[in-house]
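Chemist: Protein chains in written order, with our numbering: chain D, 1 to 311; chain P, 312 to 555; chain H, 556 to 799; chain Z, 800 to 1057; chain G, 1058 to 1315.
Treat the hints loosely; a few may be bogus.
[Said to hold, decoys possible] SDA-like, lysine to any residue: derived pairs with alpha carbons at most 25 Å apart:
{"id": "1", "chain 1": "D", "residue 1": "K292", "chain 2": "Z", "residue 2": "V822"}
{"id": "2", "chain 1": "D", "residue 1": "K72", "chain 2": "D", "residue 2": "R92"}
{"id": "3", "chain 1": "D", "residue 1": "K89", "chain 2": "Z", "residue 2": "V822"}
{"id": "4", "chain 1": "D", "residue 1": "K72", "chain 2": "G", "residue 2": "P1090"}
{"id": "5", "chain 1": "D", "residue 1": "K128", "chain 2": "G", "residue 2": "P1090"}
{"id": "6", "chain 1": "D", "residue 1": "K72", "chain 2": "Z", "residue 2": "S958"}
[As the list claims (entries may be wrong)] If you want the ones that stay clear, here's a sample from chain G, every Cβ over 12 Å from chain H, calculated:
{"id": "7", "residue": "L1079"}
{"id": "8", "residue": "R1087"}
{"id": "9", "residue": "P1090"}
{"id": "10", "residue": "L1141"}
{"id": "11", "residue": "R1143"}
{"id": "12", "residue": "L1167"}
{"id": "13", "residue": "V1207"}
{"id": "14", "residue": "P1227"}
{"id": "15", "residue": "L1230"}
{"id": "16", "residue": "R1307"}
{"id": "17", "residue": "W1308"}
Since the hints were made in silico from the structure, they are not lab data. Predicted model, so just to flag it, every value in this text is computed and none were measured. Built from N, CA and C at the ideal position, the CB exists for glycine as well.
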Amino acid sequence: APSSDPAPPTPAAPPASAATRVRLALNWFPEPEFGGFYEGVLGGVYEQAGFQVEIIPGGPGAPTLELLEAGKAEAAITAADDLLVKREKGARAVAVWAAFQLTRVGVLARADSGLQRIGDLGGRPELKVAIEVGSPFQRWLWQRHGWEGKVQAVPTTGSVAAFLADPSLVQQAYVTSEPCVARARGVEPVFLRASDEGWNPYGTVLAVADPPPAWVPAFVQATARAWQAYVEAPARANAELVRRNDQLDPALVECITQAQAPFLTGTDGLGAMTAERWQQSVDALVTVGLLKPDASAEGAWIVPQASPAAP
Amino acid sequence: MDALPVAFEEVGFAWPAAPAPLLRGFGLRCPAGTLTALVGPSGCGKSTLLRLAAGLLLPQEGRVAPGASARGGLAMVFQQPNLLAWRTVADNVGLPLELRGVPVAARRDAVAEALGRVELEDVAQALPAALSGGMRMRVALARAWVQAPRLLVMDEPFAALDALTRGRMYDRFQALWEQGRPTGLLVTHDVDEAVLLADRVVVLGGRPLGVVAEVAVDLPRPRSASLRHEPALGALVRQVEAHL
Amino acid sequence: MDALPVAFEEVGFAWPAAPAPLLRGFGLRCPAGTLTALVGPSGCGKSTLLRLAAGLLLPQEGRVAPGASARGGLAMVFQQPNLLAWRTVADNVGLPLELRGVPVAARRDAVAEALGRVELEDVAQALPAALSGGMRMRVALARAWVQAPRLLVMDEPFAALDALTRGRMYDRFQALWEQGRPTGLLVTHDVDEAVLLADRVVVLGGRPLGVVAEVAVDLPRPRSASLRHEPALGALVRQVEAHL
Amino acid sequence: MIPDVSRHPRLPAALTALALLLVWALVAVRTSPLLLPGPLAVLRAAWSARQALAEATLHTGLAAGAGLVLATGLGLVGAVAFHLSRTLELALYPYALLLQTLPIVAVAPLLVVWLDYGTPVAVASAALVSFFPVLTAGHLGLRAATVEQVELFSLYGASTAQELLLLRLPAGLPTLFAGLRAAGGLAVIGAVVGEFVGSNGVPRSLGYQVLYAARTAEPALSFAAIGCAAALSLGLFVVVRLGERRLIGRWHAAGGAA
Amino acid sequence: MIPDVSRHPRLPAALTALALLLVWALVAVRTSPLLLPGPLAVLRAAWSARQALAEATLHTGLAAGAGLVLATGLGLVGAVAFHLSRTLELALYPYALLLQTLPIVAVAPLLVVWLDYGTPVAVASAALVSFFPVLTAGHLGLRAATVEQVELFSLYGASTAQELLLLRLPAGLPTLFAGLRAAGGLAVIGAVVGEFVGSNGVPRSLGYQVLYAARTAEPALSFAAIGCAAALSLGLFVVVRLGERRLIGRWHAAGGAA
Ligand SMILES: Nc1ncnc2c1ncn2[C@@H]1O[C@H](COP(=O)(O)OP(=O)(O)OP(=O)(O)O)[C@@H](O)[C@H]1O
Ligand SMILES: Nc1ncnc2c1ncn2[C@@H]1O[C@H](COP(=O)(O)OP(=O)(O)OP(=O)(O)O)[C@@H](O)[C@H]1O
Ligand SMILES: [Mg+2]
Ligand SMILES: [Mg+2]
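Pulled out of the complex, with its shape left as it was, chain D reads as follows (with noise of 0.2 Å):
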């Protein structure tokens, strides 16, 4: 299996002579997750590497590899998990780069509450969790903890008021979100990763079509160069979140900015993609019955190559 460093900061490959036009369906609001593609565009990274990117945000349940399917978009932001079983319900789409190493999910306690991890829920039955009950992570937690009719999971609201409000809740969230709002909303959180439990899909995966069409490498190439752009200047890309969203006030991109900063590089490094990781998720997937036991990652990603001269 193909597995690949980080991609370098090659020079600009030569502009194609007509601009590729490539729609980005985001999966979630415009916020700093995605600053390294509006850095890509900000700065021209993009248009230097000879692509027209228009960037379409999204929001809960945004069906990006829907448009994709649908050629209403050209590249679609999407989570591994999400990835791999869709591919199996036939969607031909293929990831191509990783942004987060570590998957943004985990689970948001408070400071106090004495939990290092998620898996010391299990000692503590006073505490409910908000989760989305159903979905793979829930599914992989009880499963894995043995936490069936010990740990009582409830609905999520989708908002962090509910933990704010009720000591007695932890919650489902997203390093990139809650934790952020519930500390500028006053309550000291302490974030635990889902990654220390085993479950660590890569969670934005940038996807394309399958087979890739072939400015794919090219497009790649951009992309990381403008993600290692906007983790080492974020400044210009969060003013335009910030402009575009006056909810969005600086004080949360900025906190959100730092937080998500370790997810992004993890150990591999932004962007990387690696087999075992990949094989990792799928294996994740089998033991919670969302793929069938013969699963492979074979073919839902690739290290795009632009031609045999590619690094």
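Once you've looked at the hints, dock chains P, H, Z and G with the ligands against the given chain D.
Modeler: Same frame as chain D, but now just chains P, H, Z and G with the ligands:
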């Protein structure tokens, strides 16, 4: 129960948005237990007078007796049959009794008797939609006659009936009338009918409405429909018609 | 346009859920341009006959002319005024013309004339709810008279009117009648009225319904309302009443 | 050889169902199965999850039915109250409208806190959504009696209760039932959306099934669950129609009589 | 000194508003401000986001209005079609009901893919939700004319179009407007829920505002946005009432005449 006298005193009334008031300083008295027939041109205000007497409209000036105080002791035949479409004929007739809380069994007997009077026993279980115009009007008659009212107000009750049926209804009505002797107000366009049934015929006309003439009818009761061809009655009819 | 003859041939008709058929082998002919008055007891089936003649009901057996083929050349006065509550009096009267696509200006003139005939010019812009019962019926008359029909069907059109207004309506109706000479069917409970207006009085009765008697009226036209007291008319009236 | 519609009143609906299935299958073939699974896939999914779906349908149906009953009761009480007091009507009618405007999705978290997870939220949200159509229809229906009919009742000294029960209510039934027809479907969707938020993780509700299927990228199952919800609406609709036919069929079809 | 209601018809509603605010404030004091912010907090949030809210309200209002207009048009066309063809009615009416049953939240992704993000999804979902009440009310309204009125028209050789336009439609307006009253509020909620999914991350819609306020745990702003949605419903309701008064006020209040 005693009959209720009817009295209009200096009554003023105007319909909303009407150019001129219909009544101004209108006066009329009907002693308890007498039957007064009201005749007058179409649209002069007869139905409005009946509504005032029954308390369904309030005068803007003056006093009307009994008005709303007669509730429960009043029966009225409207100019249209005014039946409830979702009730059978029998249930329509029984309505006034039902509203007074008369028990079912007593009601059933009274309804059967009233329907017999208007010759509609056969259609007791039919809905109003399945009746002819005259049949509907007879249901309305039965509904007004099913109880013994202290004041009986009827707005052209026999107009939709053929001469023979009408004649039989006259007889039934008079029998009923003699039993309870309520006060009666009868609007009719048929002067023969007015003279045959009433103690007094009041000719109405003009705007504002006024009493043009009053003709007392002193024929002996009971008066059969065949009396219609008697000269005494004919003379009274011509007397009334002279004022129309 | 020519008047349409009316013919019932061996007609059978029963209302749904009725215990017995209303008509069985019923026959009646009314030559074009004649006016036939139909009299008979309440509920015997007169309105049903009119509906059949106008094609609003279809016979279950036999043939009825003109039936539905008369559409557009037909005018009818229903037993109830049957006005459209959301239209002014003038717009109610103008409806038949509007449906035929008569231009607004011509319509306005015709409506004004028709309203004049029934003495309701003053309330042209009122809604039906603000009219008295007799006024509503006159609106219905004006609506039927506003056009020159080939067949004119009227179900107790004058029953809600006082004697004087009725007399004037008789005159207006006869003038109109002489102008166009349509075929006419007139249901009435007033035998005087039947004899005064019609060329022939048909007495109906029985179940199934049958023609009890026919009385030809050969009085000269035009016949004024005062003719009512003439002996010739009185004799005919008694002749009809003998069959009722 | 066109069959007579009046003899086979169910035929057109059945034919349409067939036609819709065909169109669906055709569109589905040209669309990604992720977006629009074909009828066969949905049937297969429904069959393999039949027990869960049946249970969920029952569960959601009860919630929707309870919500509808609640909404009908409250709507009628409201309509009667507004009828009896113009002041009350002026004071509250505008706010009744607001109840319907609250996006359940946004309010459900509050309901969860006040009512606890699970069925109560579903019932409340079903009732919330279907309340206003019943209120409006009831309100209008109570004014359906003619002026003369009202006069008749006041003439005979009818009490307010008698006027309501014997005149206004029966005269208003046709209008009321029009409101109930719309309210039935709304109650189902209200219950389902309430269950989105308040399902408490117990897979015994259609809301959960729809959501769960979406989470695990099982559009076929999602459609199957939606199909069950649709069947529920149809069921409520049929119940309303039966009630309608029983209560007013005889006289309302007859066109009334003055 | 009770003021006369008939002279001050707006007074009761204003007093109720005050009372509701008071109750709200009292309940809010006893609840966490995160779950139920007090009226003042909501007002403050609304004021500080006034520009975004105003823009969003306009945006959502247009979507809801467009959806309602679409639903009214289609609903009327459907009602007329069903009226003209019993076969069509039997074939399609049950399925019209299904349109209303689809949980918008579950269908919105499909709409997004078919119609593109943003306003089209909001309009479609508003129309989808408000279609059935209009259809049902129209369907019933078209049968409101009396048998004798229909006879009158057929007698005078009225064409089908004339019968519809001059008789059935005016006679059915009171019923139709009852449906429209309910449909107005539904259209707003339909638009808001459509915007939840289809907002395209552009903060110019109430759906986005409600959702994003939840996301950033700003319940006061969420309530402010819901308040704007409520105001929109009220606005649509008032528009419908004005239309009603204009079109049928004069004769319908009069109680009709045979
Ligand atoms: N829509 C209907 N459904 C069922 N039966 C009806 C219907 N209309 C009339 N009938 C019945 O048909 C018979 C004749 O009715 P029709 O209206 O023709 O009488 P009519 O001679 O006009 O009486 P009237 O002088 O009282 O108006 C009556 O017995 C009546 O009960
Ligand atoms: N609801 C109403 N609103 C406004 N005006 C009305 C109303 N009812 C009746 N009128 C008017 O009041 C006048 C009298 O009407 P009323 O019904 O009392 O006459 P009437 O004497 O009974 O006539 P008819 O013999 O034709 O029944 C008429 O000019 C009529 O236009
Ligand atoms: Mg009158
Ligand atoms: Mg008749």
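Chemist: Does each hint hold? Answer for all of them.
Modeler: Going through the hints against the structure:
1. With a C-alpha separation of about 31 Å, the suggested pair D/K292 and Z/V822 falls outside the 25 Å cut-off, and the hint is violated.
2. Of the pairs offered as hints, the one joining D/K72 and D/R92 holds, with about 14 Å between alpha carbons and a cut-off of 25 Å not exceeded.
3. Taking the CA atoms of D/K89 and Z/V822, the gap is about 22 Å. The hint holds against a cut of 25 Å.
4. Distance hint between D/K72 and G/P1090 is unfulfilled; the C-alpha atoms sit about 42 Å from each other, more than 25 Å.
5. Distance check on the hinted pair: D/K128 and G/P1090 sit about 21 Å apart at the alpha-carbon level, within 25 Å; holds.
6. Proposed proximity of D/K72 and Z/S958 is contradicted: the alpha carbons are some 66 Å apart, above 25 Å.
7. Once the 12 Å rule is applied to beta carbons, G/L1079 is consistent with being away from chain H; the minimum gap is 44 Å.
8. Every beta carbon of chain H lies more than 12 Å from that of G/R1087, the smallest distance being close to 53 Å; the non-interface claim holds.
9. Its beta-carbon lying about 53 Å from the closest one in chain H, G/P1090 satisfies the requirement of being farther than 12 Å from that chain.
10. Listed as a non-interface residue, G/L1141 keeps its Cβ farther than 12 Å from every Cβ of chain H; the least gap is roughly 18 Å.
11. Non-interface call for G/R1143 relative to chain H: holds, since the shortest CB-CB distance, roughly 18 Å, exceeds 12 Å.
12. With a closest Cβ-Cβ approach of about 43 Å to chain H, G/L1167 is found to remain outside the 12 Å limit, as its non-interface label requires.
13. In this structure G/V1207 is not separated from chain H by more than 12 Å, as the shortest Cβ-Cβ distance comes to only about 9 Å.
14. For G/P1227, the shortest C-beta to C-beta distance to chain H comes to about 5 Å, within the 12 Å cut-off, and the non-interface label is violated.
15. The beta carbon of G/L1230 is not kept farther than 12 Å from every beta carbon of chain H, the shortest such distance being approximately 8 Å.
16. Its beta-carbon lying about 7 Å from the closest one in chain H, G/R1307 breaks the requirement of being farther than 12 Å from that chain.
17. At the 12 Å boundary, the C-beta of G/W1308 falls inside the reach of chain H, the nearest C-beta of that chain being 4 Å off.
Of the numbered hints stated above, those contradicted by the structure are hints 1, 4, 6, 13, 14, 15, 16, 17, listed in ascending order.
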